[in-house]
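Peer 1: In case you want the letters, here they are:
Number of protein chains: 4
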Amino acid sequence: MNNLCDRKLRVAVVGAAGYIGGELLRLLISHPGVEVAAATSRGLRGRPIDGVHPNLRGLTKLAFCAEDQLDHYDALFLATPHRETMRRMPHFVALADTVIDLSGDFRLSDPQVYEDYYGVPHESPDLIGTFVPGLAELHRERLRTASRISVPGCMATAGILALVPLAEAGLIQGALTVDAKTGSSGAGAKAGPENLHAERSGALRVFAPTRHRHEAEIAQATGLPVSMTATGVEAVRGVQLLCKAALMPGADEKAIRAAYRARYGDEPFIRVVAHRRGLHRFPDAKILSGSNFCDVGFALERGASHVTVISALDNLVKGGAGNAVQCLNVRYGMPEALGLEFSGLHPN
Amino acid sequence: MNNLCDRKLRVAVVGAAGYIGGELLRLLISHPGVEVAAATSRGLRGRPIDGVHPNLRGLTKLAFCAEDQLDHYDALFLATPHRETMRRMPHFVALADTVIDLSGDFRLSDPQVYEDYYGVPHESPDLIGTFVPGLAELHRERLRTASRISVPGCMATAGILALVPLAEAGLIQGALTVDAKTGSSGAGAKAGPENLHAERSGALRVFAPTRHRHEAEIAQATGLPVSMTATGVEAVRGVQLLCKAALMPGADEKAIRAAYRARYGDEPFIRVVAHRRGLHRFPDAKILSGSNFCDVGFALERGASHVTVISALDNLVKGGAGNAVQCLNVRYGMPEALGLEFSGLHPN
Amino acid sequence: MNNLCDRKLRVAVVGAAGYIGGELLRLLISHPGVEVAAATSRGLRGRPIDGVHPNLRGLTKLAFCAEDQLDHYDALFLATPHRETMRRMPHFVALADTVIDLSGDFRLSDPQVYEDYYGVPHESPDLIGTFVPGLAELHRERLRTASRISVPGCMATAGILALVPLAEAGLIQGALTVDAKTGSSGAGAKAGPENLHAERSGALRVFAPTRHRHEAEIAQATGLPVSMTATGVEAVRGVQLLCKAALMPGADEKAIRAAYRARYGDEPFIRVVAHRRGLHRFPDAKILSGSNFCDVGFALERGASHVTVISALDNLVKGGAGNAVQCLNVRYGMPEALGLEFSGLHPN
Amino acid sequence: MNNLCDRKLRVAVVGAAGYIGGELLRLLISHPGVEVAAATSRGLRGRPIDGVHPNLRGLTKLAFCAEDQLDHYDALFLATPHRETMRRMPHFVALADTVIDLSGDFRLSDPQVYEDYYGVPHESPDLIGTFVPGLAELHRERLRTASRISVPGCMATAGILALVPLAEAGLIQGALTVDAKTGSSGAGAKAGPENLHAERSGALRVFAPTRHRHEAEIAQATGLPVSMTATGVEAVRGVQLLCKAALMPGADEKAIRAAYRARYGDEPFIRVVAHRRGLHRFPDAKILSGSNFCDVGFALERGASHVTVISALDNLVKGGAGNAVQCLNVRYGMPEALGLEFSGLHPN
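Protein chains in written order, with the UniProt record's numbering: chain P, 1 to 348; chain R, 1 to 348; chain A, 1 to 348; chain G, 1 to 348.
One chain only, chain P, in its complex shape (with noise of 0.2 angstroms):
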């Protein structure tokens, strides 16, 4: 059913406060599918929205609720930090139709990789399974009738849309090696001295050398051993990989770009930029600001034995917010791009 031929979705965030809160209002605000009926946050309960997240000032009258004062919703999505979320989720499946959840909770099927990964054991096992990856690309039938949904994360995202159909397509093997460069906005809206504009500015911060959590999450997706560093660089939004892959013999660029063609030929939200010349021959983050595009790229010399694979979203949209309504979208049968429309700025 198309809801727009009806009514609005009635839709809630919880912990609407932080930076993957404020992106899910922004896009929902101007949703023309959605009615946005409830934003959480405990310390903000009754304070109009746009106070924190100022880009939305005369676009809304919203406040600020308390948990306790939500209802029923056709979707409840989830802004919450990992382990509280995974706590609580009894509660909020109870609250809506479709939940869809941004924390890492529900990420990882395997819950003993969920505690490596994590640090402490997983304590609602029994309901990993049942959710769905939201990532339309990847599992568009799956999601058009779940009811819970876990959005991947940031850098897991780029990684997971970069690698995938290479993996599928048994053109890469081995242990892939991941650089991935995350701007600051990824930490969160929480102020600490590792965000501190004095120190964050201009840094080249390998903030997790090895064992980064997203790191698992692309294991997962290609079935491949990863070995990724997280960096962080001058940057607010963005998120950028860099990975290299040990090729199976045989396959090269003409293979390459097939398995993407095959892959992505009709997404409306993957653009794969790979030119021979040009400022833009790869895919940089720097253009992708508030857009729900997913840039993927790659290199390889004749004969090489290894491919380069770029890619580049922003951390907020196509790595969490816009993701997660782009999956809204495919659920209850809307346009899949809706409200999820806007370009990206050039130059920015």
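Any given hint could be a false lead.
No distinction is drawn between identical chains; accordingly, a pair holds when it is met within one copy or between any pair of copies.
[Claimed, not checked] Result set (EDC-like, lysine to aspartate or glutamate): computed pairs, CA atoms no more than 20 angstroms apart in a straight line: (1) K61 / D266; (2) K254 / E168; (3) K61 / E267; (4) K254 / D71; (5) K190 / D252; (6) K190 / D71; (7) K61 / E341; (8) K190 / D97; (9) K254 / D266; (10) K8 / D110; (11) K254 / E301; (12) K254 / E341.
Calculated directly from the structure, the hints in this document are not laboratory data.
Assemble chains R, A and G onto chain P, guided by the hints.
Peer 2: Below, chains R, A and G alone, put in the same frame as chain P:
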């Protein structure tokens, strides 16, 4: 007439390879009431526009054409250099029912002032009077029937929108001082030592200590003498003005708020931002990238003899292309915000 | 006496974990005439200083101590908060022959002005008069024998050095307008939402539209009323001021150049930068990071009634720690530029 | 001989108007053992050098001269383009006792490898063998008597210093993957669309996905195959490398620390930065601007099969001009750190 009821407007952009041209294309291509029929570039004839405007990848198949391939359009947008524009205006006006000029050549009503600020005599003085200033907030009625529209400069727009309500209401007097800060995109897409990243990055460059051309536009609109200095700051997009003006006897905060409310209470793209506390007390260009808002704020001490006025906008949108599209919407009876709904991003 | 002939000065820094404290350590540790005998921090007692000042790795084995471990020193540098500093000054002056205070508490000679700008009554008004202003360019002779020195604020230093020569020479009159731009390090090393990278990066934040405390220092030094607004810009280091002042009858470019030459012709750290053309016509804080220079420039139109004055410096060096070390050099008869020779970087 | 006992070295810089040339001038002008006798520029003959190097204002009266005005020098620094340098080297070597070449032409010992990476045959293959690599940490003894020195590339220096100790000690094997991040100054002072601020600012631009010339230098020095990708990040100065290498059986953290200690324990400009916690756990180019340090760090998981190595430096200093001055100091028996004492800034 509301053209949405019948057909899309056929429009063309002259000088579409530059930054203002690219921003016009970004807005017009996604505008539901418009068909972009032509985009000209001398150097790039026949090349796809997304080669220089990579944010438009996947959104258009449009290629640049040469100017001699232009026919006739409902509206013609001119993103052409000053001097050349005034020289060729007789030719341009024959190509469209409505010409929307983003150059500086028809902004100043007095040819002598033009010569003082541009250093050359005006070559089409007789045409100056036929242009309506492209600012819907101040000239909406005239724009509904205008066939020739001259969009003000980016810094001028920020200054005029901030100061005219106070000047009109007789709240300020004497010489205005204006400190204008601007990002690098205002200098256009031509490479030169002054815009080399290593030189421009992090610069606080006073590039026009006095006599900037936009100073003349603010003086013309307010009827007050203006002393403006323009400084390039670390940003790609964004213009922000800090203005100081002497208050007329009896003028106070209440009167200033009232003047802005009277002028802008119903305006879709002007927000008065002047809070006592909080992180976002005053306008900040940082959150306006891509949006058509001009945020205006002010501060004055009790009993102070002068007022401090702050205004901010995206120089390529409300300071240029967005303003031009807003004029098009007014001119053709379309909803004024059509195609200009993007809220801007936070954080960004 | 030139202490280089006999022994090194024993100095201590109170509040050495902050940014001004760290800059003092950077300069003093490499200063050939100084031995850093102690650096205090309440939170980090016993921890190596290069843990929070990583640029000093490999250059020192110094660790933070507690204040109660201080004994007696030739010179004591105070990088302590205002209010606390005035309250504890009787204690501090007993610890050293020379106290060099970088807080705001002893900069304003009139306790009433202090109360107006700091919002609290001064707690040691009797001591104010015993401090010599820490600006060698204006108070060199008094500094040679000063036992108590109060270093001016970062923005105040830029304003005082730019405007005093013109005020002294009777070239300017009436109210001065000052637009002050500052990097984020001026706010110190304490994390808070206002300095979160995602909020502060790229901001043009008017954080003090009126009544900034440094305004009072500029007014005191020039004897003229000042209307200053302070804006945070995208930079970590750097302060740049744009000032406008009405000219006295007969004042012209020649007279202004002469006034600066008379005042600063022999100064090692003041450069007059005012060229007709070129990329580097006026002062720019961009190239001053790490240096002790204050660059001063100006522009005026022939026949203009006012002058535009620009000044720039590194807020942590000439606007703080470097200025303090320069005072130390003067006080103890060392070469004035000793330990302050770094030229600054270009490009940077 | 220690020339400080007798006279200053007469040196000249060819190609002194560029960024490497300017950095050489900055370091050499303040170097107590050196007299800068000439600085050449074709375009700027007769113009003061501080016109293009504004950080040197007030520190020198030197003007650019033409190359035909050169006579004979103790040392000649070449900041000249590749190809031209090898062609003119027979001329240059006649002008000085010691030639220190910062171009790429004499870094690769195998002319065939040069041709593979530079795309042209080497024009002075017979001279290649007469150059000593300009890296004191690896070639100090040979440099003491070298008359021809070839300074490695900026990214190559970071890679060689990080990886050679591990390769020498037999701790790593197989193909190395190198992700190199670089600021915009590495591209030099020539303006072009790729370095336009609006395009380059905030970019994450993969400009050399494969086959960057510095890749060949790292492979030559380590004797291992290297797959390097170079990405331009938001910075003016700074190079940072993230390298991954397979470990030889038995190689562990202890062995790696020991290898670095053995190689660098007494080195003045190499710091091993690899901490378990804290804000500054690993090397970060952010704090190295202006300094001659190369910080090297690493991380590996217990039982991991590969090591992650991080190195950072200022591309214009340790990655170029500073390294060249360090070689000069070694060559002429001066203290190795003379003129290179600047610590770098934090915050910055």
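Peer 1: Run every hint past the structure and note whether it holds.
Peer 2: Okay, the hints, checked on the actual structure:
no.	hint	verdict
1	K61 / D266	between (38 angstroms within a copy, 16 angstroms between copies)
2	K254 / E168	within (16 angstroms within a copy, 39 angstroms between copies)
3	K61 / E267	between (35 angstroms within a copy, 17 angstroms between copies)
4	K254 / D71	neither (53 angstroms within a copy, 42 angstroms between copies)
5	K190 / D252	neither (45 angstroms within a copy, 37 angstroms between copies)
6	K190 / D71	neither (28 angstroms within a copy, 40 angstroms between copies)
7	K61 / E341	between (24 angstroms within a copy, 17 angstroms between copies)
8	K190 / D97	neither (31 angstroms within a copy, 44 angstroms between copies)
9	K254 / D266	within (19 angstroms within a copy, 52 angstroms between copies)
10	K8 / D110	neither (36 angstroms within a copy, 54 angstroms between copies)
11	K254 / E301	within (12 angstroms within a copy, 37 angstroms between copies)
12	K254 / E341	neither (31 angstroms within a copy, 41 angstroms between copies)
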